[in-house]
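Visitor: Between the sequences and the hints, there should be enough to build the whole structure, so can you do that?
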Amino acid sequence: MSDAVLTRLRALLGSAGVEREADGLPRATPDSSESFAQVCHVASEEGWRIRLEGQGTWLPADAPAELALSTRALDQVVSVSPADLVATVQAGAPLDEVRRRLADQGMWLALDPPGRPDRSIGSILATATAGPLRYGFGSVRDHVLGCAVVTGDGRIVRAGGRVVKNVAGYDVTKLHVGGFGGFGVITEVHLRLRALPRADVTFTALGPRDRLAAAARAIGAASLSPSALEMFSPALAAEAEWMLAARLTGTDSAVVGEARRLSATGDVTWQQLRADRSAAFWGLTARAALAGPITLRLGVLPDGLEETIDLVGHDLDEGLVSAGGMGGLRWTGTTSVERLRSLRRAMAAREIPMTIERAPWEVRREIGHFGAYREGVGQLVSKLREAFDPKGALQVALEGSG
Amino acid sequence: MQSLLPHLERITGPRWVRHRRAELATYAMDGLPTRESPPAAVVMPGTREEVIAIVRELHRAGVPWVARGAGTGLSGGAVADPAAVMITLTRLNRILSIDPARRRAVVEPGAVNARLSEAALPFGLAYAPDPSSQAACTLGGNVAENAGGPHCLKYGVTANHITELEVVLPDGSTARLGSRGGEAWGPDLVGLFVGSEGMFGIAVEITTRLVPLPRAVRTSLADFGSIRAASEAVSAIIASGIVPAALEMMDQVCVRAVEASIYAAGYPTDAAAVLLVELDGSEEAVVGDGAVVDNLLAQHGARSITSASSPAERARLWQGRKKAFGAMGRLAPDLAVQDAVVPRSALPAVLDAVGAIGRRHELVVSNVFHAGDGNLHPNISFDRRDAQLAARVHQASGEIMEACVAAGGSITGEHGVGSDKRDYMPLIFDAATLDAMCAVRRVFDPLERANPGKVLPIHACREWRAGGVA
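Sequences listed follow chains F and L, in order. This note's numbering puts the first residue of the first sequence at 1, with every later residue one more than the last. This note's numbering puts the first residue of the second sequence at 1001, with every later residue one more than the last.
Among the hints, erroneous ones may be present.
Just the calculated beta-carbon pair ranges, DEER-fashion [claimed, not checked]: (1) 1096(L) - 362(F): 41 to 49 Å; (2) 334(F) - 1100(L): 35 to 43 Å; (3) 14(F) - 1240(L): 41 to 49 Å.
By construction, these hints were calculated from the structure, which means they are not laboratory data. The model shown is predicted, which means the values in this text are computed figures rather than measured ones. The C-beta atom is built at its ideal place from N, Cα and C for all residues, glycine as well.
Guide: What follows is the structure, encoded as structure tokens:
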């Protein structure tokens, strides 16, 4: 089988665009949305299952399939417009490379996802894995103006546009950001940028969890506007106690004022990180999400953080936890499918959605990225999948089997 | 239709079903002056349960329908053709709860935008999106259109402020999308539903975010000798990293109309363009950033800059902008309020092109718009009783859309496609993308009964073919 697939793909893409993975699986690395679409079309027609891959740093490349399809050769920064604060980037481009290109021209993509700095832009979008900066700049979708998507059966859909405000047609982009590739593969994206902040300082405070959580809420109630406000478990922060970290960015005058008010808020003692340590600190906390095989996020509100952390601690372990000041909790560790199922049930009873962001295939297959849907949602999701991947070529476990 | 009416009357009581010609005239138009068509009947549910019962009844009877809020939309999205029933949601106008600690509000779809901010005010909170029609428009309509407003530059559009929706699908079933916290429950169906222009169903319960009122606000008015200079000042402010709460521009035609009206705000009538820049945040940020902004305005040729921090003075600076559409009523009986978006860097060239299109068709075009995000509103004054004039307005509107698209823009930034812009959709979307939109619509509404004939060009809606490339 794999030889036939290999031959067919080579006929489509030439030998440079196709290779064999270590496990013998043919891997296609098309270098345009069009050739990407051709591969999906053929696979869909032939009934081949497709394993999607980016830079291979986030989701493990382990879905059973007849071929792997990688965005690795789609790694170009297509265009950058400083005057409009918009960039067009191919999905396989590594985040750190994009960041560097933008910084050279005084621009900034205000996304700090968990994982390695060379994660592909496409994987960040597909999994909607936002980091601490979502406190100030919103979730992943808020940075996406439009995207090109190849559907499971090989059509190219170009949703949204390159302007910062746009209500023409249905906002199909929203389906693909956080769709885990289940509705198609993002191949190119138009990103909303910001000017690189002139001032960027980070403060940290250590203490008991509940005191820090209260401080985070006090910061919110005082209408302070940090760009990031994130709480880290002791194991994640590599400290004896919990840590609260606040990142202030903007113009000098704004940051100075915010810093002064921050130090007067909450029953905690803040320490300013040295400028040269700040980037390393946020990089390390982002990487902690790779310290175990499973990462999940919980859409909890700020006032439910402590209870939810207790529940997670009870059902899984306290391990590596980060929690945003506006809510949202991320856990990384090792656990069983049964425990995840039970946590998802417990969360659903509290109206908190649980998304598996990263896990081995045998876990994804069992419980899915999503599950315990609310009323009416499951049917909509399966019909949407049918519309975008009618033959089920994309091997994505949006929902579990059990 | 006649056989349907008793069923609808049984649901809402006869008082809330309208079907006489004179009664229907009120519902023949929305804010778009160029499309007029009365529905077959109007039904006005008073509860969520009545909405569900009505949609089920219409589904059973196979009758198409159009949901409507206050009817202030500007794209003809809330106009029904004579075979369709209109479901007006203005009786469902309650603010169900405000949770200040979590900064959330739960409202019914007919709740008026400005009422929500008023209700949140005692808690030091506000609902951020502020379309010009906010004193009348409903949050259900805002959700359908993904409404914007001047302060969306900093705070984002409706989609950024909706966390959870209970929707009635066109078959009468219900679905709960999103979650209170805002995290999607599965894929982002709230994001998909917001802006679907009433074609996916009716939102009967809407959970919104509320934002804290800023500690300090500062508004500056600057006037310029050319639109180009004002546009360059806009780009310079954005490039500085400062994100103003609002950044609005008015051209000379607009300023003169305002100053000749009862809304006169003291704007200089010899200016080619006037910019309003509003900063909000902490006191330090507003003062510090205010100095930077004033500097940038001066560097780019502002002839005078007036700044104000007190609410009364700020209101005076804003008055001309807020009342601009009212003032334009002086110029002609009707106003075609256009809506398009261009990259900020293209503003001067596109405004030149818009001016030239107006002159070529001998039309009065005024511009008042959200310059910070490149969201243009070229307004054409006319009298719809003059058919020839109306035809020139239509022609000019099409040319303006083409100019905006050619500059890399979009055909609508906040008013929606509705029936007005439907035929421009192929200017920005290829056939495969329009097909995908059709397919998404059919997921929510397989029989295409909710707000039929809007958004998607009819010829584009062919079957979502099997196999795309080959």
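Visitor: Against this structure, judge whether each hint is valid.
Guide: Hints versus structure:
no. : hint                         : result
1   : 1096(L) - 362(F): 41 to 49 Å : holds (44 Å)
2   : 334(F) - 1100(L): 35 to 43 Å : holds (40 Å)
3   : 14(F) - 1240(L): 41 to 49 Å  : holds (47 Å)
Hint compliance for this structure: every hint is met.
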